[in-house]
Amino acid sequence: MLTNEKVLQRLTERFGDKVLDARVQYGMMSVTLDVSVLMEAMRLLKEDEALQFTFLTDLCGVHWPDREKKFEVVYHLHNLRSNLRLRIKTPLAGDPPRCPSLTPLWSAANWMERETYDFYGIIFEGHPNLKRILNVDEMTIFPMRKEYPLEDNTRKDKNDEMFGRDPALIRADL
Amino acid sequence: MLTGSQHIRLEEGSLEKETITLNIGPTHPATHGVFQNIVEVDGERIIKGEATIGYIHRAFEKIAEHRPYYQITPLTDRLNYCSAPINNMGWHITCEKLLGIRIPKRVDYLRVIIMELARIADHIICNSILGVDTGAYSGYLYLFQFREKIYEIWEEICGSRLTTNIGRIGGLERDFNDIAWRKLDEFLKEFPRTLRDFEKLFTRNRIFLDRTVGVGAISAERALNYGFTGPNLRACGVDYDVRVFNPYSSYEDFDFQIPVGRHGDTYDRFIVRNEEMWQSLSIIKQAVQKLEQLPDKTSFHADTPHYYLPPKEEVYTSMEALIYHFKIVMGEIPVPKGEIYQAVEGANGELGFYLISEGGRTPYRLHFRRPCFIYYQAFPEMVQGQLVSDAIITLSSLNVIAGELDA
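Chains as they are written, first to last, in my numbering: chain S, 1 to 174; chain V, 1001 to 1407.
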């Protein structure tokens, strides 16, 4: 039976100090990998006989404006044989941040990467069709980044401060 | 490269070619939702297609980063609006796991009843509409009234029908009343007969078989690669069900089977959904039985005053309730920092909530893993080489819900 410890052991054996962090939260192992080994690690996780994380459950981006590497892509993998879930995170520096695309491994990554690009502006290198998916094509910003407030605070037609629409309150809410 | 002002571009030589570019949707009576598919057809055969989505994008993930936890439930309603209670419960279960709240067994079983009713309601929609799309209207007429009956039960439990907002973090808002129990009883008595009639109309029907067998098929390998979950994956022969793999809300106490198909075509998807309705019925009956055997007959929420909104009457009369109400509404409740992924078996597949909490009154990041969004991208591949009319029934047998696509 595959366990969290065995997965981590396998990853550290292979990638050494490129495994930046590993912790178990609420029963799920979360491993932070350097982006330089991401593709190789994902291929290993998917195709290795012992690991067999064949199912890509989820893929999404996170924005951490206060960190040195401001973006992060989070992958959730699932080994259906041993019923083990694994979270892989990879922090990304630079703007636009760049990350290898997982579409060669999983067709499912196609739209999920497009969604992540659409909302965070993360460029997935090698993606066959990286364009906006939910927002309009004409949009110039990446709206899930933290610097964009929920409401446009230049609007003058709303005057209900009690409900948090005051610009100052919107900022405090962030 | 990445932006363009035109959605449809005429390519070089497109006027001389012998195939036709056909635009199905965004609003088309046969697609049951806001989907646009630009397909290249040769006669009636589809050569290739491209799906465009995003017409009802409502920025739920952005809104969720600015709303306190208890105000996110109504957002989840609007994901898969055909089975909103499953989404609500999924969100509550995620929060409860983050906060470490222990839920009484009675609440778990009540939730199971609500969720399985939702699954039946969702499958009723999918299967009876599939009948309509293949030209059989009568099955729809008989079966669809039971969706209404399920909505009536929900109305007694939570006051609303479609976007239900059932339950609270820590339990349910109120207990089932006598009318709800009576209606549930009637439903359990009447539904099996109609479902049997419905099956008789379809499962061995020559015309239906001709229309659905081998149509829109996908292999188990491709389906897994495309991230299929739920009935659509099970129709390919993979017995993956979150209720069994990662039980939540005490599903481990129930005895039920996971129906699987073999070919992953429209017919198998239809049969799997029908069989799931029988399994859901059996789960509801078991839950009713278990509730009768439980010594606890009254609790409908966990004893967690820090997180569970007190009843409004008490807020006006009791000091503790007023204090907790104030603290919860003003966001002064202690929320642990942490990252959590919690999945529930939605009617269409694995509905996941990836939540990052930094301790504030709102989530730092909340991502919904919407099953439809992930498997709908396989649609062009599934209909390649098929007839346009087959593409329509493939779409309706996949049960793609626009609300879940766009979030």
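Don't read these hints as lab results, they were simulated from the structure. Treat each hint with caution, since some may be false.
[Said to hold, decoys possible] Derived contacts from chain S toward chain V, CB cut-off under 10 Å, selection only: (1) Thr3; (2) Asp118; (3) Lys146.
Backbone N, C-alpha and C fix where the C-beta goes; we use that ideal spot for every residue, glycine too.
Here is what the structure says about each hint:
Hint on Thr3 of chain S is violated. Least Cβ distance to chain V is approximately 16 Å, over the 10 Å limit. The closest approach between the C-beta of Asp118 of chain S and any C-beta of chain V is roughly 9 Å, which is under the 10 Å cut-off, so the hint is satisfied. For Lys146 of chain S, the interface hint holds, the least distance from its beta-carbon to any beta-carbon of chain V being 8 Å, beneath 10 Å.
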